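Protein sequences appear in the order of chains A and B.
Sequential numbering of the first sequence, starting at 1, is according to the working numbering.
Sequential numbering of the second sequence, starting at 1001, is according to the working numbering.
Please keep in mind that the hints were generated in silico from the structure rather than gathered at the bench.
Please note: incorrect hints may appear among the correct ones.
[What the hints assert, rightly or not] Quick partial rundown of chain B residues pointing at chain A, CB under 7 Å, derived from the structure:
| hint | residue |
| --- | --- |
| 1 | Ile1041 |
| 2 | Gly1083 |
| 3 | Gly1088 |
| 4 | Ile1170 |
| 5 | His1174 |
| 6 | Ile1200 |
| 7 | Gly1244 |
| 8 | Phe1246 |
| 9 | Ile1290 |
| 10 | Tyr1294 |
[Claimed, not checked] Capping the alpha-carbon separation at 27 Å, the derived lysine-lysine pairs in DSS-like fashion look like this:
| hint | chain 1 | residue 1 | chain 2 | residue 2 |
| --- | --- | --- | --- | --- |
| 11 | A | Lys192 | B | Lys1085 |
| 12 | A | Lys220 | A | Lys156 |
| 13 | A | Lys46 | B | Lys1085 |
These numbers were taken from a predicted model, which means no experiment stands behind them.
Glycine included, C-beta positions come from ideal geometry on N, C-alpha and C.
Next come the chains, spelled out residue by residue.
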Amino acid sequence: MAKKFLSGNEAFAEGIRLARPQVISAYPITPQTIVVERLSEMVEDKSLESEFIHVESEHSALSCAMGASAVGARAFTATSSQGLLYMAEGLYYASGGRFPIVMMNANRSTALPWNIYGDQRDSLSQLDSGWIQSYAENAQEALDMALMSYYIAEHKDVSTPYMANLDGFVLTHTYEVVDVPEREQADRFLPKFTTDNKLDLENPRNLAFSAGPDHNYIFKYKEHEGLLNAAKVIDEAEEKFADIFGRRYTGLIETYKTEDAERIIITLGSISGLVKETVNKLREKDEKVGVVRIRYMRPFPGKEIAEAVKNASHIAVLEKDISFGNEGTVYTNVNSALHRFGADVRSSDYIGGLGGKNISSADIEDIFERIKNDDTEVRFLGIGGEEN
Amino acid sequence: MSINAKTLDKTEYFYGHKACAGCGGSLAVRIALKVLGKRSIAVLPAGCMSAVGFNFPQLCFGNNAIISTFAGTASMLTGVYAGLKAQGITDFQAVGFAGDGGTADIGLQALSGAIDRNDDILYICYDNEAYMNTGIQKSSLTPFGAKTTTTPAGKNIRGNLRQKKNMFEIAAAHDIPYAATASIGYINDFMAKVEKASKIRGTKYIHVIAPCPTGWGVASDQTVDIAKEVVDCGLWYLAEYENGSFKINRRPKEFSSVEEYIRRQGRFKHLNDEDIKVIIDSRDKKWEAIDKTYSLQ
């Protein structure tokens, strides 16, 4: 392995290079653009052999990736924010067609008002589109997820597209020292893409068809099953990854000092690092606090979260998202899981970081302080919330 | 050109579908696939031909075929082409069949992108002059005066007020390697153009008039006849764009009657003599331009 100083975007592009996609459909959007720029350079210098397609929109980016996947080629695209929303029709289409495309999404706020900075409203608004959704914490994890994404998406029991999310700017544009695996190691990890779900010149097929109510219902059930199956394949991929690369990941969630924690923040993405640091600070003052980092929003780790927080007295979800008129979407998902899996814990929701607004360690300390009380509230950090 | 009614492939690749009786679009797809053969991969957007052909488990394409998103015919064709090329497979034809709405309205951006990249695909627009699958709504290829369910013919507005967009010249303006117009009324010409296009590398665009008896208000056994008449009366023309220049394949010395063509269709029933004069005038203006800029073949 070679150590390199890379931004999150560059690290992800390195992971994609190692995964050898056969078709890349590229369209620029800040803060994702660097990914497709790096990939174009890799194609130019022949460190990656791939058909690099300059599409004219995100809608076409995904449509092109589906065409490639439908003939059995490994396909990649990347987007962000408005681009993700513009291709939204294709998201449902790709998952319904069971095309295991990988797409990187640089999490960015959605207009209006226009804003190029990071929040997670773009991808979280698409949780129901049938894609696997991962959220990386740092550049190393971004690279490793890029490589693992195809293993998971293309697995026969899964056959589901994969959206790898990186926080805009905070992760996509921040440089870190990253271990870049050798090509030989990567090839040992990731098998070639093979599938029966393709147009085959020797055995012609009709794909992406219509299905009436009776059949449609069964196809949707199978799609749900495929996404649920991803959970065990993620474990399998991480096991194999650890064997080859020596880095071990923790499945759908990562827990940090939760064993004896009375108060736990549940969050996702790059903010997790700061929450962990704040936990360390508070632990020095003997406060029993911890973190659950959600690594995958789909399949959703409901059981894992409930298990991790069941002995706590209060949890807070910290998320860069709001389902207007209700609460944060992560909170909705978490609360449902706590109820379903019998974790008797009070919960609050903290909305922060919208449009790239900074979340400070003091904000996080404040959350831990507030949830000492029994209130269950939905609160915008630094602004306020509903009165309970 | 070698293909004619006698040498045409006897295999049916588009068979068992539930298109309306007399459907011009299904005839265009059926014949084009016979010309292109079994190694063609058809991409069809949401629209008439996908609605009638892909109802699981009754799937009626004998060759590989897939439905794309409505706007995504050309971009999915690109993916198919690039995906096979990346696997070292080159002996196939990626062919799109999209209607007038799927081409000239919602699919125009993706089509322009594909022509710009010069991807090796064949795009066939079967033009029935309205959104027929959803029940006859106006598209940008609906001709002046036509009554549709979104351009009603009433006291204040008499049908569609706009002229038909010229998709053939729009495709040509990209300096595409090959573009052509055709009509299912002149089926040998259409077959020859599909065959010719299949042998040219890069993007090819064929725009074929394919009447819809349901939407046009003609009897279902009149499809081919009226597709011929629209050419004979000069409201449609058979042409090609190749090597940077236009050529007209058929220059009628005398046009047949526009009025007769108009009067036999339900969609134009409300038009008066003045409206028909508008149609004739615009035809003459177009032919004046054709005679100036297109070479005779």
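Results for each hint:
Hint status for B:Ile1041 relative to chain A: holds, with the closest Cβ pair at about 6 Å, below 7 Å. The interface hint given for B:Gly1083 holds, since its Cβ lies 3 Å from the closest Cβ of chain A, which is under the 7 Å cut-off. Among the interface hints, the one on B:Gly1088 is violated; its C-beta lies about 10 Å from the nearest C-beta in chain A, farther than the 7 Å criterion. The beta carbon of B:Ile1170 is not positioned within 7 Å of any beta carbon in chain A (closest approach about 15 Å), and the interface hint is therefore violated.
With its C-beta approaching chain A no nearer than about 12 Å, B:His1174 sits outside the 7 Å limit, and its interface hint is violated. Against a cut-off of 7 Å between C-beta atoms, the interface hint on B:Ile1200 is violated, since the closest Cβ of chain A lies about 20 Å away. Proximity of B:Gly1244 to chain A is violated relative to the hint, the smallest CB-CB distance being about 23 Å (cut-off 7 Å). A cut of 7 Å between beta carbons decides the hint on B:Phe1246: the least distance to chain A is about 25 Å, and the hint is violated.
Of the supplied interface hints, the one on B:Ile1290 is violated, with its beta-carbon coming no nearer than about 30 Å to a beta-carbon of chain A, more than 7 Å. The criterion of a C-beta within 7 Å of any C-beta in chain A is not met by B:Tyr1294, whose closest approach is roughly 29 Å, and the hint is violated. The hinted pair formed by A:Lys192 and B:Lys1085 meets the criterion: a straight-line CA distance of about 17 Å does not exceed 27 Å. For the hint linking A:Lys220 to A:Lys156, the alpha-carbon distance of about 17 Å falls within 27 Å, and the restraint holds.
The hinted pair formed by A:Lys46 and B:Lys1085 meets the criterion: a straight-line CA distance of about 17 Å does not exceed 27 Å.
The earlier numbered hints that this structure contradicts are 3, 4, 5, 6, 7, 8, 9 and 10.
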